[in-house]
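Peer 1: Each chain, written out:
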Amino acid sequence: MSFDRIRRAQLVVALLAAALGVFVIFNAGFAFSGPGERGLLMGDSYFIGSLFRLNSLGGVALLLAGGSGAIGAQRNRSALVWVGATLALVAGIVVGAGIGDAEVLIGTGNPSNAALLATVALGLGTTAWARNAIPESDRPRGPRGAGPTSAAAKY
Amino acid sequence: MSITRTRDPAASTSVDRPADDKIARWSLGALRILMGLLWLQNVGWKQPPFTTSRGVGRYVALGVSNEVFAPYAWFSKHVVLQNLTAFGWGVMVVELCLAVFLLLGLATRFWALVGAGQGIVITLSVLHAPHEWGWAYWMLIGIHLVLAATAAGRVAGLDGTLRPVWRSRHGRLSRLLLRCS
Numbered sequence: 001m002s003f004d005r006i007r008r009a010q011l012v013v014a015l016l017a018a019a020l021g022v023f024v025i026f027n028a029g030f031a032f033s034g035p036g037e038r039g040l041l042m043g044d045s046y047f048i049g050s051l052f053r054l055n056s057l058g059g060v061a062l063l064l065a066g067g068s069g070a071i072g073a074q075r076n077r078s079a080l081v082w083v084g085a086t087l088a089l090v091a092g093i094v095v096g097a098g099i100g101d102a103e104v105l106i107g108t109g110n111p112s113n114a115a116l117l118a119t120v121a122l123g124l125g126t127t128a129w130a131r132n133a134i135p136e137s138d139r140p141r142g143p144r145g146a147g148p149t150s151a152a153a154k155y
Numbered sequence: 156m157s158i159t160r161t162r163d164p165a166a167s168t169s170v171d172r173p174a175d176d177k178i179a180r181w182s183l184g185a186l187r188i189l190m191g192l193l194w195l196q197n198v199g200w201k202q203p204p205f206t207t208s209r210g211v212g213r214y215v216a217l218g219v220s221n222e223v224f225a226p227y228a229w230f231s232k233h234v235v236l237q238n239l240t241a242f243g244w245g246v247m248v249v250e251l252c253l254a255v256f257l258l259l260g261l262a263t264r265f266w267a268l269v270g271a272g273q274g275i276v277i278t279l280s281v282l283h284a285p286h287e288w289g290w291a292y293w294m295l296i297g298i299h300l301v302l303a304a305t306a307a308g309r310v311a312g313l314d315g316t317l318r319p320v321w322r323s324r325h326g327r328l329s330r331l332l333l334r335c336s
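Protein sequences appear in the order of chains A and B.
First residue of the first sequence? That's 1 in our numbering, and the numbers climb one at a time after it.
First residue of the second sequence? That's 156 in our numbering, and the numbers climb one at a time after it.
If you're looking for bench data, these hints aren't it; they were derived computationally from the structure.
Glycine included, C-beta positions come from ideal geometry on N, C-alpha and C.
Among the hints, erroneous ones may be present.
Restraint ranges, calculated between C-beta atoms of paired labels, are given here [to be verified]:
(1) Ala133/A <-> Trp181/B: 24 to 34 angstroms
(2) Gly326/B <-> Ser137/A: 12 to 22 angstroms
(3) Ile275/B <-> Ala133/A: 35 to 45 angstroms
(4) Arg5/A <-> Asp175/B: 11 to 21 angstroms
(5) Met294/B <-> Glu136/A: 45 to 55 angstroms
(6) Val248/B <-> Arg75/A: 28 to 38 angstroms
(7) Ala97/A <-> Ser182/B: 35 to 45 angstroms
(8) Arg75/A <-> Glu287/B: 50 to 60 angstroms
(9) Gln237/B <-> Arg75/A: 48 to 58 angstroms
(10) Arg75/A <-> Phe230/B: 48 to 58 angstroms
(11) Arg327/B <-> Thr86/A: 16 to 26 angstroms
(12) Arg139/A <-> Ser182/B: 28 to 38 angstroms
(13) Arg322/B <-> Arg75/A: 26 to 36 angstroms
Model the full assembly from the supplied sequences, consistent with the hints where possible.
Peer 2: Listed below in structure tokens is the structure:
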């Protein structure tokens with residue numbers, strides 16, 4: 001059933017974003033020469049380091065967006081998923097806004113970071129849109145408590 | 156007309172087509188994500204200001220001084236280098252989108268073709284530049300063509316999940332996404 005598949009995909013995107021957020025925050029705490037640049041697991045790894053050189057602010061945004069999306073997906077609350085998508089989008093714009101400016105905060109102005117946040121925003125946004133597009137009659141009813149008066153029915 | 160399929164007993168125990176093989180399908184998903192990560196990392200250094208001494212501009216200049224294909228070198232010299240800021244932003248936006256859409260597996264066929272196109276442009280710029288390994292660029296093009304041909308977003312990607320929804324709708328966007336996935 002595509003409703004459940006969409007829900008699972010939404011959950012995967014959200015949980016990956018939240019896990020990445022935790023990783024970035026944790027890493028930023030170990031940074032010495034600049035947030036994220038020489039943190040745990042990243043400092044000597046060019047590949048991982050250049051991918052996830054977000055500062056803790058970007059990590060918090062990922063965590064909140066992912067957390068909100070995950071709760072929304074799990075509890076069939078589309079509003080929460082939209083909050084997560086919007087948060088990731090706004091954070092992506094904030095991070096991307098520094099592109100080209102030499103005097104920006106560390107972690108902003110990096111197109112890779114903006115792309116990462118845009119991925120989360122688009123992933124949550126498209127799945128939320130697709131779930132809303134499924135007619136009420138085609139949504140699952142049953143064991144997961146998805147009766148007519150349940151959260152799923154209200155979705 | 157109804158078609159009745161008779162099940163071949165041997166078919167249930169062996170898989171003859173790669174498309175039916177789980178490992179083959181998931182490998183395509185993994186390859187797509189790998190390409191997404193490639194673009195995600197490499198968009199990081201394509202930042203303004205765009206000059207011929209760094210980033211995209213440096214490679215455009217290398218394509219002019221180490222010509223691969225004469226018309227392309229002429230175009231790079233007289234059009235791209237004269238409008239480097241506009242082209243630099245264009246490259247950054249395209250590669251950012253490649254990272255986002257290939258990682259998600261959304262509209263994968265379209266974006267894989269864009270990736271192959273971008274691979275051709277990169278090849279024409281740096282194939283003859285010093286210290287470059289030419290096969291890397293042919294692989295870049297080839298892998299994207301494979302992703303497009305196999306619709307790799309339908310495995311572990313949003314295309315596979317969302318196509319039934321797009322199919323059930325008749326809007327222009329849904330039809331477009333169906334074609335691009």
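Peer 1: If a hint holds in the structure, say so; if it does not, say that too.
Peer 2: Against the structure, the hints:
1. Ala133/A <-> Trp181/B: 24 to 34 angstroms: The hinted range 24 to 34 angstroms holds for alanine 133/A and tryptophan 181/B, with Cβ atoms some 27 angstroms apart.
2. Gly326/B <-> Ser137/A: 12 to 22 angstroms: Between glycine 326/B and serine 137/A, where Cβ atoms are some 19 angstroms apart, the hint holds.
3. Ile275/B <-> Ala133/A: 35 to 45 angstroms: With a Cβ separation near 36 angstroms, isoleucine 275/B and alanine 133/A satisfy 35 to 45 angstroms, so the hint holds.
4. Arg5/A <-> Asp175/B: 11 to 21 angstroms: holds (20 angstroms)
5. Met294/B <-> Glu136/A: 45 to 55 angstroms: holds (48 angstroms)
6. Val248/B <-> Arg75/A: 28 to 38 angstroms: 36 angstroms Cβ-Cβ, so the 28 to 38 angstroms window holds.
7. Ala97/A <-> Ser182/B: 35 to 45 angstroms: holds (38 angstroms)
8. Arg75/A <-> Glu287/B: 50 to 60 angstroms: The hinted range 50 to 60 angstroms holds for arginine 75/A and glutamate 287/B, with Cβ atoms some 52 angstroms apart.
9. Gln237/B <-> Arg75/A: 48 to 58 angstroms: At 55 angstroms between Cβs, range holds.
10. Arg75/A <-> Phe230/B: 48 to 58 angstroms: holds (54 angstroms)
11. Arg327/B <-> Thr86/A: 16 to 26 angstroms: holds (25 angstroms)
12. Arg139/A <-> Ser182/B: 28 to 38 angstroms: holds (33 angstroms)
13. Arg322/B <-> Arg75/A: 26 to 36 angstroms: Holds - the Cβ-Cβ distance for arginine 322/B and arginine 75/A, about 28 angstroms, lies within 26 to 36 angstroms.
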